[in-house]
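J.: Hey, can you piece these two chains together into the complex? The hints should help.
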Amino acid sequence: MKTIEKRTREPLFHVVKRDSLPVWKGMLIRVIAVVAAILLCALLSVIMLENVDPIKFVTTLFDGAIGSQRRLWKLAKDTAVLLCISLAVTPAFRMKFWNIGAEGQTLVGALASVAVAYYLGGKMPEPLLLVLMLVASVAAGAVWGGLPALCKAKWNTNETLFTLMMNYVATGLVAYFLALWCPSNGSVLGRLDFGHLPVVLHEYFLLIVVTLVLTAIVYVYLHYTKHGYEISVVGESENTARYIGINVGKVIVRTMIVSGAICGLAGFLIVGALDHSITTTSVGGLGFTAIMVSWLAKFNPLIMVGTSLFITFLQQGCAEIGSAVDPSFPNIIVGIVLFFIIGCEFFIGYKLQFRKFPKKGGRAS
Amino acid sequence: MSKPIALQTKGVTKRFGSVVANNNVDLCVHRGEILAILGENGCGKTTLMNMIAGIYYPDSGSILVDGEEVVIRSPKDAFRHGIGMIHQHFKLVDLFTAAENIVLGVDDGKKYNIKEVNARVAKIAEKYGFHVDPKKKIYEMSVSEKQTVEILKVLYRGADILILDEPSAVLTPQETDKLFDVLRRMREDGKSILIITHKLHEVMAISDRVAVLRKGEHIATVETARTSPAELTEMMVGKKVALNIDRPLPHDVRDRLVIKGLSMTDAEGVRILDDITFTAKAGEILGIAGIAGSGQRELLESIAGLHHLQDGSITYYNPKKDKPITFYHKSFERVMELAGEGMLRYVDGREFTGKDEQGRALSRKTICAQVEAGVILFKDDEVINLREKTPLQIRELGVRLSFVPEDRLGMGLVGNMDIVDNMMLRSYRRGQSVFVDRKKPGDLAHTIVHDLEVVTPSTHTPVRRLSGGNVQKVLVGREIAAAPTVLMAAYPVRGLDINSSYTIYNLLTEQKERGVAVVFVGEDLDVLLELCDRILVICAGRVTGVLDARNATKEEIGLLMTGDRESSDAETDKKEE
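Taken in sequence, the protein lines are chains X and R. Using my numbering, the first residue of the first sequence is number 1, and each one after it goes up by one. Using my numbering, the first residue of the second sequence is number 366, and each one after it goes up by one.
Looking at chain R on its own, in the form it has when it is part of the complex (with noise of 0.2 Å):
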C-alpha cells in the first residue's frame, strides 16, 4: 500500500480480571482506507476500539498515530489525535437540534454562534451526502438521522480516523446502503475507517481490508478482494462451520395462538402497539422482524401477561383433546369451573359434570382422586383468555408459555444466584412445603449444563460470570424444559458467537418438530429468512405485513420495516384470514 499509515497499534492488551479482551494486538489502518474490524461477540473488538477513543486505558502497548506514538487517556485525547468514535448507543440531547447536538462540548475560542455553525454542519453534510436538516431536534429524528448527527459530531470536531461501532445494527437495508455510500465519499477523502461489525456480508460490501479478532487475538488482516465470506468465518471461529440451518416443512399445523387488535400505551400515554393481530401456530416458527424498539418487546411481554392492555384479544388453544385433566398446575376449582362449561369428559364417554348418576355432588376427595387416576379427559381443546391474566395465572391456568425475554439476566435469569437457583425461578412454588426444594432444580442444571454444553465452573456458579452464550443457554434451556406448548423467544442469538446461536436455531426448530408455536423477534434479517415459517413485519407498533418466509427477499422486508403500507396492507388482511 503506498498510502501513508494513519493509526497503528503495537502489542496492545487489556484484561478485565482474569479475562484477555486483547492480548497483544498489532493492527494499522490506511489513510483512505475503509478497515473492517471482525469477530464474534466478546472477541474484544469493542474493547480495542475504545481504547483507541481513549474509553479505557491499555494495560501494555501503545498506539501510534501518524507514526508518532500517542497516550490518549480521554476522549478528548482522542479528538486531539482526530480520533472520532460513533457508539452503538447515541449520546445525544433529545431536546437539541441537530447542529446543537453537534456543537456541544466543542471549545475552539469562538463565539457561539448557531446560524455559523449550521452552515458548517450543512457544508459537512453536503460534502458526504447526508441528508440532515442542522435545525431538526432531536426528538423528531429517526435512529437512521441520530446516526447521521453523531457521525456529523465526529466530523465537525475535524475527526480524520473515525470508529463506527456496529452501524448498522440499528438500521435496515435500506438505510445501511445509504450509510456505506457516506462512508465511500469520506474514504475518497482520506479519512480513515474503522467499521466494527460481525455481519460477513457487510465486510465483503464495504471493507477495503478485513483485521480478524478472535478471543481477543488478532488473527490476520486481509485483503477484502482476496477472500471469502468461508475463509472470514474460518479465521473468526476457528474452525469450519457450515452456515446453513435446517428448516424442516411444518407438519400438523394448527392455531395456537390467536392475537386480535392488541393495543398499548405506555405510562406516558404512548401508543406502543398499534391493532397488532396474528396468529402463532403450533408446528411452526414466527418470526417477528422490525427495526428495534417497535414494539417488539412490549408485543411478547404483552402476550406473557407483564403489561396491562388498551384494547384486543390474546386466545390460546390448549391442545388437550382426548387428553387427561391433571392437577399438574391447575386447581380443584378449575376442574369444576371446566365441568360447569361441559368440557370435561371420563375415559368412557360419559360426561363428567362433578356429579353422579343420581345426581349428587361428588365429594372433593372423590374428584381429587378421579383427576389423579387420570381417568377424566378434555372433551375438545381447551380455549382460554389470556387477557388480563397475570403470569401466575397464566401458568395456573395449565398454560405452557414459555418466554425467552430480551433482557436475559435483567428478567429472564437472577445474574448474582447461581444456575440452580435460576432454575428454580420457574417451578419453586411446586408443592405445599414452606421450603424450597433444590433438589430437582440441581438435577435439571446438570442436565441442561450436560445436554447444551455449557461452559461454567459448576451449577454453584452465579449466572452473571458466564459468558453470553452461555448464559443464554441456561435460559433457553430451563424455559424449553418447561414442556412449553409457546415458546417465545426475543432476540435470543443477540450477543452470541456463531456456535452458540446455531444451537439456539437448532433448539428452536427441534421445538417446532415437537408441535410447539414458536414466535422469533429477530434482527438478522438473512437468518429470519432462512429459520422462519411465516414472517411478520411491525413498524412503530403496527404490523406491516406477513410474508411468507420462503418466498421474501430482505429487500420486502426492508421496505415493511420502514411501514412502506401500500402494498402490504391487502397482502396482510389476506394471510390472516
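Excised from the complex, chain X in its bound form (with noise of 0.2 Å):
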C-alpha cells in the first residue's frame, strides 16, 4: 500500500551511554590520552623541528622542565603562582560564576603591593611594610572580584564579559602607573629596594609553603565550611538557592570578594617574592591559564596541585624544545595535550557501538 522510496542503511556507529567505570580505569584512558598527545607532539616536533627524533623529543622534555636543580625549582616556582591563581577562581567556578578575571584580579593586586612599596618603603620597618602591601593587595583584588558580581547580583550583567573587560581596565592602570613613576625610563620601573619577601631555606621556599597551606584553606573553605555549601548549592541550582532561603546575590557578591583577595594575595607574592616590580605583562596570562588547571582538576584544591605542575611542566619542556626555532612551539603542545585530555572524557561517559558485520538475514541489493 504504500512504497518506500529509499532504502536507509543501519548507521555506521552510534553512541552509547557508558556505565560509570571504575576508577582504574578512567586513569588508564586519560594515561593514554596523555601518551597518544605526547607521541603526536613527538611526531610533530621531527616534522616541523629540525635535529629532533622522537627520543630526543621527550628526554629534552623531561630534561627541560627537571634536568637540573635549578629547573626543578623553576618548575615548582611557577607551579606554586599558577596553583594560588588557580585556587583563586576556584570558589567562583564552583558557584557557576564565570570569572574570566583573574588576570587583571592578580594585575592590580601587584600594582597595589609595588604603589605601596614605591611610596612608603624605606619610611618604614621592612615587617609593617609587608603588612600593608599585603593588605592593599588582597583589598585591591578584592574590589577588582566584587565588582562585577556586584553588577551581577544588583542587575544581572554578563559576568564574563564584565571580568574580561576588567582585566583591560587593570594593564590600562598599571601603563598609566608606570608612565607615572618613570617617565624617563621608558616607562620602565627598576627592582625596588623595599618590600621583599625574607628568603627562608631558598629564595622560592617561602612561596611554595604559602600556596600549600592556601590549598589546604581552600579546600576547607569549600568543603567543609557553610559558605562553601551554599556556593556549591547556588552554582549547581539558584531556585534551590531561593528555594531554602539563601540570598543568591549576598552568596555571589562574597565568593568573588574571596576569589579576587586570593589573586591580590597572589599578585603580592608575584611582587614581594619574586619580581619586586611591576610590567603590564607581569602576571603573563596565568589568569587565563588558571582556567584551565581549576577546571581540569573539576574544581577540586587537592588534585590542583597535580593538574598545576602538569601544565607548567609541559610549559617548561616544551620551552626547552621549541623555543630556539618558534617561540609558539610549547604553546602548541600544550594546546594538543590539553585536546587530547578533555577530549578523552568522552570516551570515558560514552562509548562507541559499532555496526555488527556480517548481517544476518537477506538485506540484498
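Don't take every hint at face value.
[Stated by the list, open to error] Residues from chain X shown here face chain R by an in silico Cβ test under 8 Å; the list is partial:
id: 1; residue: 14
id: 2; residue: 226
id: 3; residue: 236
id: 4; residue: 242
id: 5; residue: 243
[Stated by the list, open to error] Calculated cross-link-like contacts (lysine-lysine; reagent style DSS-like; alpha-carbon spacing at most 27 Å):
id: 6; chain 1: X; residue 1: 226; chain 2: R; residue 2: 805
id: 7; chain 1: R; residue 1: 730; chain 2: X; residue 2: 298
id: 8; chain 1: R; residue 1: 441; chain 2: R; residue 2: 375
id: 9; chain 1: R; residue 1: 805; chain 2: X; residue 2: 351
id: 10; chain 1: R; residue 1: 744; chain 2: R; residue 2: 720
id: 11; chain 1: X; residue 1: 152; chain 2: R; residue 2: 604
id: 12; chain 1: R; residue 1: 441; chain 2: X; residue 2: 17
id: 13; chain 1: R; residue 1: 754; chain 2: X; residue 2: 250
id: 14; chain 1: X; residue 1: 154; chain 2: R; residue 2: 754
id: 15; chain 1: R; residue 1: 580; chain 2: X; residue 2: 17
id: 16; chain 1: R; residue 1: 488; chain 2: R; residue 2: 511
id: 17; chain 1: X; residue 1: 74; chain 2: X; residue 2: 96
id: 18; chain 1: X; residue 1: 351; chain 2: R; residue 2: 580
id: 19; chain 1: R; residue 1: 441; chain 2: R; residue 2: 511
id: 20; chain 1: R; residue 1: 730; chain 2: R; residue 2: 720
id: 21; chain 1: X; residue 1: 226; chain 2: R; residue 2: 754
id: 22; chain 1: X; residue 1: 17; chain 2: R; residue 2: 511
id: 23; chain 1: X; residue 1: 74; chain 2: X; residue 2: 17
id: 24; chain 1: R; residue 1: 580; chain 2: R; residue 2: 604
id: 25; chain 1: R; residue 1: 804; chain 2: X; residue 2: 226
id: 26; chain 1: X; residue 1: 351; chain 2: R; residue 2: 375
[Stated by the list, open to error] Pulled from the structure, derived: some chain X residues nowhere near chain R, Cβ distances all over 12 Å:
id: 27; residue: 58
id: 28; residue: 75
id: 29; residue: 120
id: 30; residue: 158
id: 31; residue: 172
id: 32; residue: 203
id: 33; residue: 214
id: 34; residue: 220
id: 35; residue: 247
id: 36; residue: 291
id: 37; residue: 340
Note that these hints are calculated values from the structure, not bench results. Here the structure is a predicted model, which is why all the values come from computation and not from measurement. Using N, Cα and C, we set each Cβ at its ideal position, and we do this for glycine too.
T.: Listed below in C-alpha cells is the structure:
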C-alpha cells in the first residue's frame, strides 16, 4: 500500500552511554590520552623542527622540566604561582560564576603592592611595609573581583564580559602608573629596594609553603564550611538556593570578593617574593591558564596541585624543545595535550557501538 | 485478527549505561487498531516509542513496517514509513498559525500555497471531527487545541501509524473524551494508533488491545475486552496491589493558613494569580485541581515566599497557645517583639513583659535563661503575616512551612549532591560554627532511607542517580522531618510508580492525622477525589470553586477546571465564609 522510496542503512556506529567506569579504567584512559598526545607531539616536532627525533623529544621534554636543580626549583615556583591563581578562581567556578578576570585581579593586586612599596618603602620597618603591601593587594583584588559580582547581583550583568573588561582596565592602570613613576626610563620600573619577602632556606621556599597552606585552606573552605556549602548550592541550582532562603546575590558578591582577594594575594607574592617590580605583563596569562587548571581538576583544590604541576611541566619542558626555533611551539604542544585530555572525557562517559558485520538475513541489493 | 499487521518490533533492546530501558521487546499493532502501551513510569514505554519514531536508535533488535524490516535513524525516516509521534511537550511556533505550523518542514516539491494548505488542513480536520481553525495563531490556542494541531501535523504528512505520548495528561476529562472520539474515527479509517498511558480507565475506554511493559520487559499483550483494571495493575506492578486510599475523617480542624485576595503578575506583566482566596486548615488535606499551568506552581511558591505579590494577604496561625516559646528558630529580638505585643506569659500566669516586678528591664542573659528553661509561654496562637517575607524570614519567624516543589531536582533538591548534603539544605544554618555539621543530617539520611525504603547504594550517592520515586521519598522525607505545621506538595506523585505513589499518599494522610495543614496539588482527579477532604479548583489563576471531596464528581471538577464559573461563584463565596 505504501512504497518506500529509499532504503537507509544502519549507521556505522552509534554512541552509547557507559556505566560508571571503575576508577582505574578512567585513569587508564586518561594516561593513554596523555601518552597518545605526547607521541603526536613528538611526531609533529620531527616534522616541524630539524635535528629532533621522537626519543630526543621526550628526553628533552623531561630534561627541560626537571633536568637540573635550578630547573626543579623553577618548576616548583611556576607551579606555585599558577596554583595560587587557580585556587583563586575555583570558588567562583564552583558557583558557576564564570570569572575570567583573574588576570586583572592579580595584576591590580601586584600593582597595589608595588605602589605601597614605591611610596612607603624605606619610611617604615620592612615587616610593617610587607603587611601593608599584603593588605593593599588583597583589598585591590577583592574590589576588582567584587565589582562585577555586585553588578551581577544587582542588575544581572554578564559576568564573563565584565570580568574580561576589568582585565583591560587593570592593564591600563598599570601602564598609567608606570608612565607616572618612571617617565624618563621608557616606563620601565626598576627593581624595588623595599618590600622583599624574607628568604627562608631558598628564595622560592616561602612562596611554595604559602601556596600549599592556601590549598588546604581553600579545600576546607569549600568542602567543610557553611560558606562553601552555600557556594555549591548556588552553583548547582539557583532555584534551590532561593527555595531554602539563601540570599543568592549576597553569596555571589561574597564569593567573588574571596576569589579576588586570593588573586590579590597572588599578586602580592609575585611582587614581594619574585619580581620586585611590575610590568603590564607581570601575570603573563596565568589568569587564563588557571581556568584550565581549575577545570581539569574538576574544581578540587587538592587535585589542582597535580594539574598545575602537569601544565607547568609541559610548558617548561616544551620551552626547552622549541623555543629556539619557534616561540609558539610550546603553546602548540600544550594545546594538543589539553585537547587530548579534555577529549578523552568523552570516552570515559560514552562508548561507540559499531555496526555488526556480517548482518544476518537478506538485505541484498 | 484478520487485519494486517502494520508495525512490529522484534527483540528491541535499548540500554542507557547500566539501565536497561527496553529488553527484547516484541509487540505488534494491526491496521485499524488502537493499542494501549501501559506501564508504570520508567518502565520504558516512551523509550520504545522514541525508537519507533526515530529519536533513539535501538542497541539491537529490529522494527518491521508492513512485514518488512526497516531502519529508522531519524524522525524523517519514521515519516517516510508513515510513522508519526505526538509528544507530550508540543513543538510548535507560537507566532505561526495552525496551518503554517502544520506545513512547516514539509518538503513535497510543490510550491508553497497557504490557501491550499488551509483547505487541506480543514479537510483532514473535518474528516476526523477536529475542531480547529487553520488560520488561528498558536499563542491564542488552548492546550487541547495545540494538541490537535500536533495531531494534524502528523496526519498531514500522511502518517498512518500514530503514536501519542500520554495525550490526556494536559486535558480535562471532557477534552479527553473528545480526543478519544477522534481517535476512534481514525481507527475506522484504518489508522494504527499507539497510545502511551498509565491511566487504567483510559485504557479500558479506548483501546482494542493493551501491551503491558514492566521494567523494560514486554509482559503481555491482551485484548481489552477480556481483561480488567485489577488484572492489568497486577501485570504492571508484578504483584497484587490494593488500590484504595485510606481517608480518615478530619478532626480538630482549624484555620492554619488564610489566603486572601492573592494576586501576582510575572516579569512580562501577565497576571498569573488573580484574587485567590482560600483557607488551608490543620488536620485536613486541601487538594488543588486545575489544568497544568493554571497558576498552581506560582501559588505554592508565593506562599513559600519566592515571589513578589501585587496584592493580597497570607496569614499564618501558629498553634502555640499555652506552649513555651523556644529559640529553635526565633531570635531574642523576636521574643521581645512578642512581649511588646502582649503575647507572652509565664507558666504561673503572670504576663511576660521583659521587665521584673519593679519595672526594671531584665537582662538579655536572664531572658535567654528563662526561654531555655521553657517558663515563658504563648498566651494565644501566634498570628503571623507571611506576605513579603523571604523563605529565610519565614523560617526565622518559627513558621514550620514545608514545601515539596514540582521541580524536585531543580528546586527541592540538588541533583549532584548526595543524600546527606541534601538533608542539610534545610538545617545547615543551625549553630554558630562556620563549619557545617554533617553528623545530624547523616543520621537523618539513614533514618529516611530506612523508614521510607529508599533504594540507594548509600547515603553518599548523588540523588540524581536515584529513580524518580526514590528522589521523591528523599525530598518528602526531608520536608516531613522538619515537623511541619503546613505541608505543601506540588504534583508529589508525578512520575512515580504505583507503590511509591501510595507511600506518598499515606505519608500525606499521616501528616493530616498529626494536625498538619496539607495542601496537595494533583493532576489525577480520581486521586484528588479519594485523598483530599476539600478540593480547590483553579483556572487561569482564578479560583473557580471549592468542593467537598467526599461528594464532588469528576465532571464537576472538570467543568470548573475549564472556567465554567456560572454555577460555582456563589458556591465559592459561601464555602469560603
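J.: Run every hint past the structure and note whether it holds.
T.: Going through the hints against the structure:
At about 5 Å, the closest approach between the beta carbon of residue 14 (chain X) and any beta carbon in chain R falls short of 8 Å, and the interface hint on this residue holds. For the restraint placing residue 226 (chain X) at the interface with chain R, the shortest Cβ-Cβ distance is roughly 5 Å, inside the 8 Å limit, so the hint holds. Proximity of residue 236 (chain X) to chain R holds as hinted, the smallest CB-CB distance being about 4 Å (cut-off 8 Å). Proximity of residue 242 (chain X) to chain R holds as hinted, the smallest CB-CB distance being about 6 Å (cut-off 8 Å).
For residue 243 (chain X), the suggested interface contact is upheld, since its CB lies about 5 Å from the closest CB of chain R, less than 8 Å. Under the criterion of a C-alpha separation no larger than 27 Å, the hint pairing residue 226 (chain X) with residue 805 (chain R) is consistent with the structure, at around 15 Å. Distance restraint check for residue 730 (chain R) and residue 298 (chain X): the Cα-Cα separation of roughly 48 Å exceeds the 27 Å cut-off, and the hinted pair is therefore not satisfied. Among the hinted pairs, residue 441 (chain R) with residue 375 (chain R) is consistent with the structure: their alpha-carbon atoms are about 21 Å apart, no more than 27 Å.
With a C-alpha separation of about 40 Å, the suggested pair residue 805 (chain R) and residue 351 (chain X) falls outside the 27 Å cut-off, and the hint is violated. Restraint check for residue 744 (chain R) and residue 720 (chain R): the C-alpha separation of about 17 Å stays at or below 27 Å, so the hint holds. As the CA atoms of residue 152 (chain X) and residue 604 (chain R) are separated by approximately 55 Å, the hinted pair breaks the 27 Å bound. Taking the CA atoms of residue 441 (chain R) and residue 17 (chain X), the gap is near 24 Å; set against the 27 Å cutoff, the hint holds.
Taken as a hint, the residue 754 (chain R) and residue 250 (chain X) pair is honoured in the structure, with Cα atoms around 17 Å apart against an allowance of 27 Å. For the proposed pair residue 154 (chain X) and residue 754 (chain R), the alpha carbon gap of about 19 Å is at most 27 Å, so the pair holds. For the proposed pair residue 580 (chain R) and residue 17 (chain X), the alpha carbon gap of about 19 Å is at most 27 Å, so the pair holds. Distance check on the hinted pair: residue 488 (chain R) and residue 511 (chain R) sit about 18 Å apart at the alpha-carbon level, within 27 Å; holds.
The hinted pair formed by residue 74 (chain X) and residue 96 (chain X) fails the criterion: a straight-line CA distance of about 33 Å is larger than 27 Å. With a C-alpha separation of about 24 Å, the suggested pair residue 351 (chain X) and residue 580 (chain R) falls inside the 27 Å cut-off, and the hint holds. Simply put, residue 441 (chain R) and residue 511 (chain R) have alpha-carbon atoms about 22 Å apart, close enough for the 27 Å limit, and the pair holds. Of the supplied pair hints, the one linking residue 730 (chain R) and residue 720 (chain R) holds, its CA atoms being roughly 13 Å apart against a limit of 27 Å.
Between the alpha carbons of residue 226 (chain X) and residue 754 (chain R) the distance comes to roughly 23 Å, so the proposed pair stays at or under 27 Å and holds. Restraint check for residue 17 (chain X) and residue 511 (chain R): the C-alpha separation of about 34 Å exceeds 27 Å, so the hint is violated. Only pairs whose Cα atoms come within 27 Å are accepted, and residue 74 (chain X) paired with residue 17 (chain X) is rejected, the gap being roughly 43 Å. Straight-line distance between C-alpha atoms of residue 580 (chain R) and residue 604 (chain R) comes to about 13 Å, which keeps the hinted pair within the 27 Å bound.
A C-alpha spacing of about 14 Å is found between residue 804 (chain R) and residue 226 (chain X), which places the hinted pair at or below 27 Å, so the restraint holds. Under the criterion of a C-alpha separation no larger than 27 Å, the hint pairing residue 351 (chain X) with residue 375 (chain R) is consistent with the structure, at around 24 Å. With 12 Å as the threshold on Cβ separation, the claim that residue 58 (chain X) sits away from chain R holds: the shortest Cβ distance comes to roughly 37 Å. Distance to chain R confirms residue 75 (chain X) as a non-interface residue, since its nearest Cβ pair spans about 35 Å, more than 12 Å.
At roughly 34 Å, the least C-beta separation between residue 120 (chain X) and chain R is larger than 12 Å, which holds for a residue marked as non-interface. No beta-carbon of chain R comes within 12 Å of the beta-carbon of residue 158 (chain X); the shortest separation is about 18 Å. At roughly 37 Å from the closest C-beta of chain R, the C-beta of residue 172 (chain X) stays outside 12 Å, upholding its exclusion from the interface. Chain R leaves residue 203 (chain X) outside its interface by the beta-carbon criterion, the shortest separation being 35 Å against a cut-off of 12 Å.
Residue placement check: residue 214 (chain X) keeps its beta carbon more than 12 Å from all beta carbons of chain R (closest about 17 Å). With a cut of 12 Å on Cβ distances, residue 220 (chain X) falls inside the contact zone with chain R, its closest approach being about 8 Å. The non-interface label for residue 247 (chain X) is inconsistent with chain R: the shortest C-beta to C-beta separation is roughly 7 Å, within 12 Å. Non-interface status of residue 291 (chain X) relative to chain R is upheld: no Cβ of that chain comes within 12 Å, the nearest being about 21 Å off.
With 12 Å as the threshold on Cβ separation, the claim that residue 340 (chain X) sits away from chain R holds: the shortest Cβ distance comes to roughly 24 Å.
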